[in-house]
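Colleague: For the protein sequence lines, the chains are A and B, in the order given.
The first sequence begins at -18 in the numbering used here and counts up by one.
The second sequence begins at -18 in the numbering used here and counts up by one.
It is worth saying that the hints were derived from the structure and are not from the lab.
Warning: the hint list may mix true and false statements.
Repeated chains share a single entry, so a pair holds when one copy, or any two copies, can fit it.
[What the hints assert, rightly or not] Heads up, simulated SDA-like pairs for lysine to any residue below, C-alpha to C-alpha not over 25 Å straight-line:
#1 261 to 120
#2 57 to 95
#3 151 to 71
#4 151 to 313
#5 261 to 96
#6 261 to 230
#7 261 to 77
#8 261 to 94
#9 151 to 72
#10 151 to 74
#11 261 to 85
#12 57 to 96
#13 261 to 237
Protein chains: 2
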Amino acid sequence: MRATFMHNAGDVRIENTPDATLQKPTDAVIRVVRACICGSDLWPYNDMQAGSTPRPMGHEAIGRVEAIGPDVHRIKVGDLVIMPFAYSDGSCLFCDEGLPTSCQHGGFFGHDPAVGGAQAEALRIPLADGTLYPIDAPHDDAMMASLLTLSDVMGTGHHAALCAHVRPGKVAAVIGDGAVGLCGVIAAKRLGAERVIMLGRHPSRLALARDFGATDIVSERGEAAIEQVRALTGGHGVHSVLECVGAQSAMDTAIGIVRPGGAIGRVGVPHYENITGSPKSFFDNITISGGPAPVRSYIDDLLPDVLEGRIQPGRVFDHTVDLNGVPAGYRAMNERSSLKVMVRP
Amino acid sequence: MRATFMHNAGDVRIENTPDATLQKPTDAVIRVVRACICGSDLWPYNDMQAGSTPRPMGHEAIGRVEAIGPDVHRIKVGDLVIMPFAYSDGSCLFCDEGLPTSCQHGGFFGHDPAVGGAQAEALRIPLADGTLYPIDAPHDDAMMASLLTLSDVMGTGHHAALCAHVRPGKVAAVIGDGAVGLCGVIAAKRLGAERVIMLGRHPSRLALARDFGATDIVSERGEAAIEQVRALTGGHGVHSVLECVGAQSAMDTAIGIVRPGGAIGRVGVPHYENITGSPKSFFDNITISGGPAPVRSYIDDLLPDVLEGRIQPGRVFDHTVDLNGVPAGYRAMNERSSLKVMVRP
Chain A
-18 MRATFMHNAG DVRIENTPDA TLQKPTDAVI RVVRACICGS DLWPYNDMQA GSTPRPMGHE
42 AIGRVEAIGP DVHRIKVGDL VIMPFAYSDG SCLFCDEGLP TSCQHGGFFG HDPAVGGAQA
102 EALRIPLADG TLYPIDAPHD DAMMASLLTL SDVMGTGHHA ALCAHVRPGK VAAVIGDGAV
162 GLCGVIAAKR LGAERVIMLG RHPSRLALAR DFGATDIVSE RGEAAIEQVR ALTGGHGVHS
222 VLECVGAQSA MDTAIGIVRP GGAIGRVGVP HYENITGSPK SFFDNITISG GPAPVRSYID
282 DLLPDVLEGR IQPGRVFDHT VDLNGVPAGY RAMNERSSLK VMVRP
Chain B
-18 MRATFMHNAG DVRIENTPDA TLQKPTDAVI RVVRACICGS DLWPYNDMQA GSTPRPMGHE
42 AIGRVEAIGP DVHRIKVGDL VIMPFAYSDG SCLFCDEGLP TSCQHGGFFG HDPAVGGAQA
102 EALRIPLADG TLYPIDAPHD DAMMASLLTL SDVMGTGHHA ALCAHVRPGK VAAVIGDGAV
162 GLCGVIAAKR LGAERVIMLG RHPSRLALAR DFGATDIVSE RGEAAIEQVR ALTGGHGVHS
222 VLECVGAQSA MDTAIGIVRP GGAIGRVGVP HYENITGSPK SFFDNITISG GPAPVRSYID
282 DLLPDVLEGR IQPGRVFDHT VDLNGVPAGY RAMNERSSLK VMVRP
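Here chain A stands alone, though its shape is the one from the complex (with noise of 0.2 Å):
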């Protein structure tokens, strides 16, 4: 079968591989209907070194089971389901809690050889009881558009929000315009957020973010950008912050616009060792979470949101490739002249 492998920073290939065949009793094998191109992905793509492991791509699907192993029980062949970011058991201490990405026996799609990624014809799904979600067929490619962000950028969008303790009536802000930070205007809308200001600087994304709720842009950056959401917030700044970029300097900003007791819901993977401790986040009270959304816990709340038209959170697709086109995909998200692309293997 044919799959996507990154090795090297810019240097994403397609190339073939052995099938993806069910190697334990828990197993899964799925074939790939939609997948997607990420902006976590583009960290790699911009500083993997040299000499690495090829590393498989991909960690967001749909895909239709094609294969199960003896011990899975609640996923059948033929059924189509959303497969999240991370695998997980959903039996254990983590998973009970809420909290997937965190399993004791999970992990996440895209980064181990053994396991693979969804930038492919097909995927291994461990423990695919407790990980794959499934859903009814058949959809419109708008349906299937939204219903795939459910794997990572809707859930974490969701997940920004609810770390940053959005609440209806309060002032949040959201700091990027990549598919995240326009599913986390989404989220913030949708938990009842009276404003929503966006920081970002590209007019299409901007343009979607008004589209999705959000009331205010900031196109600022730094010192400026902090004045200016301050200017609109009778200077004492937001209730909440997400920050959906996971720079220093996103993390700077998001110190600097939250008002005193409130909080900084942060799902950017970070590329940042340090989070300033004071006196501002001290003496403000500022509480920071968040970290890799449990998505897998939330499609139950949000699945019913997408399939009744009430958000769209699909339309940050504005292009679609085969596998062939996945390397130019990399090209165009990395150069920002595509929000998230679609892979349709």
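Start from chain A and add chain B according to the hints.
Modeller: For chain B alone, coordinates are given in the frame of chain A:
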């Protein structure tokens, strides 16, 4: 009148100073009935720079109201009152949200010569209606000691426990065997923690921690402490960490012992610049929260438990001095030969 000033590291003096007087219509003046020395007073006691402006000391008190300004309506002359460590108007945006330590017109006692400190015969109280909490009199010495802790350490331990999301049936750890940490044990038990692990080394304080509800004691430091807490918790770490020290090493230990999805409530004034932002605190979805405790807001909740004897935080006081004894009190606390020193001017 006589009052305590710090001139330099290690140099605490009792000095004659102009009597406390009403300066604004919203002021009161209180005669100090009980005050105390705080662990946070030991930071300047160890690192105050020579040549700094002398600092009036003390931010915890019970007092008797001697005078009120014409705009004070809720507090009466003769009232016995708890004076929280921060003054606040009780009516601004942040006071309304339960965060008087971020009051738009407030500040902290024991910093500003214009306000004064509580290790003194008397004290001007700005914004008396918002700041002071009247209590019924008379009370015996033990009750007065417990009431005094509502001005800071008991409310601060409670804040740590709330910020650390202490929940019934869960496991909490308290870092620091000072008065705040010991009050943190009371708070964690009061909020229903099934196990409370105290990290500390001082035998008499650990005995008090056990009396207050600590179920386990860890006296190792650094990596050894982290391993020991993990050994006590099936390798997982604790749900809630109450960080009651403020040193870098304490924060590092907190991050080391908190389990995935857990929370750290930090109330020790930070003497560190940064919090480790990645990978563990991010990938384990750790929440970091806390700051100066809004103790004024907590008195309503804690006072009945104090008055009805269900909690006895006043047991943290192991030494009492008059004003002349205050410098010796600082020395004793700094040498850790005293846990917390009460001042009866």
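Colleague: Confirm or reject each hint.
Modeller: Each hint, compared with the structure:
1. 261 to 120: Classified as neither; 49 Å inside a copy, 39 Å across copies.
2. 57 to 95: So residue 57 and residue 95 pass the 25 Å test inside one copy only (23 Å; across, 74 Å).
3. 151 to 71: between (34 Å within a copy, 21 Å between copies)
4. 151 to 313: Neither: 36 Å inside a chain and 48 Å across chains, both beyond 25 Å.
5. 261 to 96: between (43 Å within a copy, 23 Å between copies)
6. 261 to 230: both (16 Å within a copy, 20 Å between copies)
7. 261 to 77: Classified as between; 21 Å across copies, 35 Å inside a copy.
8. 261 to 94: The answer is between: 23 Å across copies meets 25 Å, while 43 Å in one copy does not.
9. 151 to 72: The answer is between: 19 Å across copies meets 25 Å, while 36 Å in one copy does not.
10. 151 to 74: between (34 Å within a copy, 13 Å between copies)
11. 261 to 85: between (36 Å within a copy, 15 Å between copies)
12. 57 to 96: Answer is within; shortest intra-copy Cα gap is 20 Å, inter-copy 72 Å.
13. 261 to 237: both (8 Å within a copy, 23 Å between copies)
When each numbered hint is compared with the structure, violations occur for hints 1, 4.
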